[in-house]
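Construct the entire structure; sequences and hints are all you get.
Quick note, the sequences are listed as chains A and B, same order.
Per numbering that gives the first Met the number 0, residue 0 is the first one in the first sequence, and the count goes up by one each step.
Per numbering that gives the first Met the number 0, residue 0 is the first one in the second sequence, and the count goes up by one each step.
No wet-lab data here; the hints were simulated from the structure.
Careful, some of the hints might be misleading.
[What the hints assert, rightly or not] Derived DSSO-like pairs (lysine-lysine); straight-line CA-CA distance at most 30 Å:
(1) K274(B) with K251(B)
(2) K249(B) with K281(B)
(3) K249(B) with K86(A)
(4) K16(A) with K155(B)
(5) K86(A) with K276(B)
(6) K181(A) with K16(A)
(7) K181(A) with K86(A)
(8) K281(B) with K251(B)
(9) K16(A) with K86(A)
(10) K13(B) with K133(B)
(11) K133(B) with K155(B)
(12) K276(B) with K251(B)
(13) K249(B) with K274(B)
(14) K16(A) with K133(B)
(15) K4(B) with K89(B)
(16) K276(B) with K249(B)
(17) K86(A) with K89(B)
(18) K251(B) with K86(A)
[Stated by the list, open to error] Chain A side only, calculated, beta carbon under 10 Å to chain B, not exhaustive:
(19) H7
(20) L14
(21) Y19
(22) G88
(23) G95
(24) R96
(25) F103
(26) P174
(27) F176
(28) V254
Ideal placement from N, C-alpha and C gives every residue a C-beta, glycine not left out.
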Amino acid sequence: MGASKYIHIGRINFLAKTAYMGDLLLGTTFYTLILFVFVQLWRVLGGPSGLVVEGFGYREMVWYLTASEAIMLGRARIQDDISDEVKTGAIAYSLGRPYHYLGFKFACYWGETAVRMLVHIAVGIAIALLAVGPIQVTAVQLGALAVSVTLALILNFLIVACISLLAFWVEDTVPFFWIYGKLLFVLGGLFAPVELYPEALARAARASPFNYVLYVPARMLVRFDAAAWGNTIAAQLGWIAVLGALAVGLYSLGVRRLNVNGG
Amino acid sequence: MTAIKVRDLVKVFKVAHKRPGLAGSLRAIVRTEHVDVRAVDGVTFSVEEGETVAFIGPNGAGKSTTIKMLTGILYPTSGEATVTGMTPWKQRQRLSRSIGCVFGQRSQLWYHLPPRDTFELLAHVYELPVSQWKPRLTTLADRFELRAFMDTPVRKLSLGQRMRCEIAASLLHAPRVLFLDEPTVGLDVMAKRAIRDLVLEMNREEGVTVLLTSHDVGDIEQVCRRVMVINHGHLVLDTTVAALRRDFMKSKTVRVRLDSPVEGILNIPGVEVLKRKRGNLKLLVNTATTSMDDVLAHLMQLGTIEDITIADPSTEQIIAEIYASGR
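Structure representation (structure tokens):
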């Protein structure tokens, strides 16, 4: 019964977000544009010459980018909601409900992410198929990939929640989100897999949680390694445990600092 | 049985204070100064089950802060409180199942979805069995006349329709205490009346205890039997609405526009002329000595009434009267 309420919260947010389907479809223009630009880039670099770097050729690079960008653009943008609610004190109204605030936001996040991911995955697959044709994946690999993508999105939620909850202590969290975006670009391996990075940067990327948000699932799509899958999932779960504890800790500390004007 | 018990409740907010000018801004970067604001300062009262109590006061008096502490939203600085036997800020999750809250400026409805979806979600959030919430929703939909727009997105509803949905939503889990914080703010006269009637009906039929804050004296007179007046965080009066009306609401302000300019001295017993300009008059009527019928009769002798409004004293005027009476 406890989980049922969160499933319904997710469901209702899924329905609410479908009210903006036109906006969402329009939003995929940016995704399409990025994929188009990079398809041209990788075609020049890897197409005719057949250049392959660390096992990533033209086709792999396009499918890698399709996957990493789908996660990047498909994740729900809950940061503004949480930060605003903390800053304005509106978070307080959730305290009087029989659910956990972070659980509520997590459910909302999944409701919106489900809509956004479905649209981005559909658009991404269509573009990648048109540009480079299909990639070899089995049903088992897709199942394994789905687990990793799910954990990646949970990890992203927790990082975003931690940053948003900093609004209890700082005036503006926007700069932190700007930094997080750039960290995903670089350490997350948004545009290219870390195999292409200089050794020191690749080591730093692999040691960070950002790598497990984009690189790990995107790489799993193009170069599935069954032997390493268990370790990868364990590492994602490890980061989820650490950041989950941090988010709950920040929330518990922050709520006691709540100042809501009377009105 | 006591529904709400409050003893020496205090809430102090630390408010950041910046000195004026560039020097003040630079100083604030190094060291932020804070000023203590005592929003609620030693409030003590109790409310019995089934009572309808108004909690009134001007802006910043501490009424909403008190409600937020009683609903578990805010931690108090000191003092004690129990609501249906629970300490709100310690047992807020358990308490949420026995109280309903409506914050007039904070909607719980999902803006892009029909009210039915919010009701269904709340039923799941409160973990109500289907056998309980479905008939309950049917009853509330009938009583609050929601059927016509149950499947219309909330964004397309009028403010009055939304507020009816808000109150129905807060009653879905059959709470024993209902907290209403400015429930009629922004509503027109008809919508206000509908909300007041519904709250009163729920109190009579289900015995729901009602604690209501409002700026609108009409809310208090029509819904509540008891009134508590708070000012600067202190409870300055705790009495019946009948006593409040008798002792501190002895005047009404009448604004009237007549079709012709009023000539000469206007001499109506118990009426003070506050302003006059051609056919426009602003009058202060002492209702303890003069009936509104008499005032209207006098005005009609002066000419044809084109427009008229009759206003109760504001909460600020009532508080001024309370202080003037030495209580």
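Hint by hint, here is what the structure shows:
no.: 1; hint: K274(B) with K251(B); in the structure: holds, 14 Å
no.: 2; hint: K249(B) with K281(B); in the structure: holds, 17 Å
no.: 3; hint: K249(B) with K86(A); in the structure: violated, 43 Å
no.: 4; hint: K16(A) with K155(B); in the structure: holds, 17 Å
no.: 5; hint: K86(A) with K276(B); in the structure: violated, 49 Å
no.: 6; hint: K181(A) with K16(A); in the structure: holds, 27 Å
no.: 7; hint: K181(A) with K86(A); in the structure: holds, 24 Å
no.: 8; hint: K281(B) with K251(B); in the structure: holds, 11 Å
no.: 9; hint: K16(A) with K86(A); in the structure: holds, 24 Å
no.: 10; hint: K13(B) with K133(B); in the structure: violated, 45 Å
no.: 11; hint: K133(B) with K155(B); in the structure: holds, 24 Å
no.: 12; hint: K276(B) with K251(B); in the structure: holds, 20 Å
no.: 13; hint: K249(B) with K274(B); in the structure: holds, 19 Å
no.: 14; hint: K16(A) with K133(B); in the structure: holds, 26 Å
no.: 15; hint: K4(B) with K89(B); in the structure: holds, 15 Å
no.: 16; hint: K276(B) with K249(B); in the structure: holds, 25 Å
no.: 17; hint: K86(A) with K89(B); in the structure: holds, 23 Å
no.: 18; hint: K251(B) with K86(A); in the structure: violated, 42 Å
no.: 19; hint: H7; in the structure: holds, 4 Å
no.: 20; hint: L14; in the structure: holds, 6 Å
no.: 21; hint: Y19; in the structure: holds, 8 Å
no.: 22; hint: G88; in the structure: holds, 9 Å
no.: 23; hint: G95; in the structure: holds, 5 Å
no.: 24; hint: R96; in the structure: holds, 6 Å
no.: 25; hint: F103; in the structure: holds, 9 Å
no.: 26; hint: P174; in the structure: violated, 16 Å
no.: 27; hint: F176; in the structure: violated, 23 Å
no.: 28; hint: V254; in the structure: holds, 9 Å
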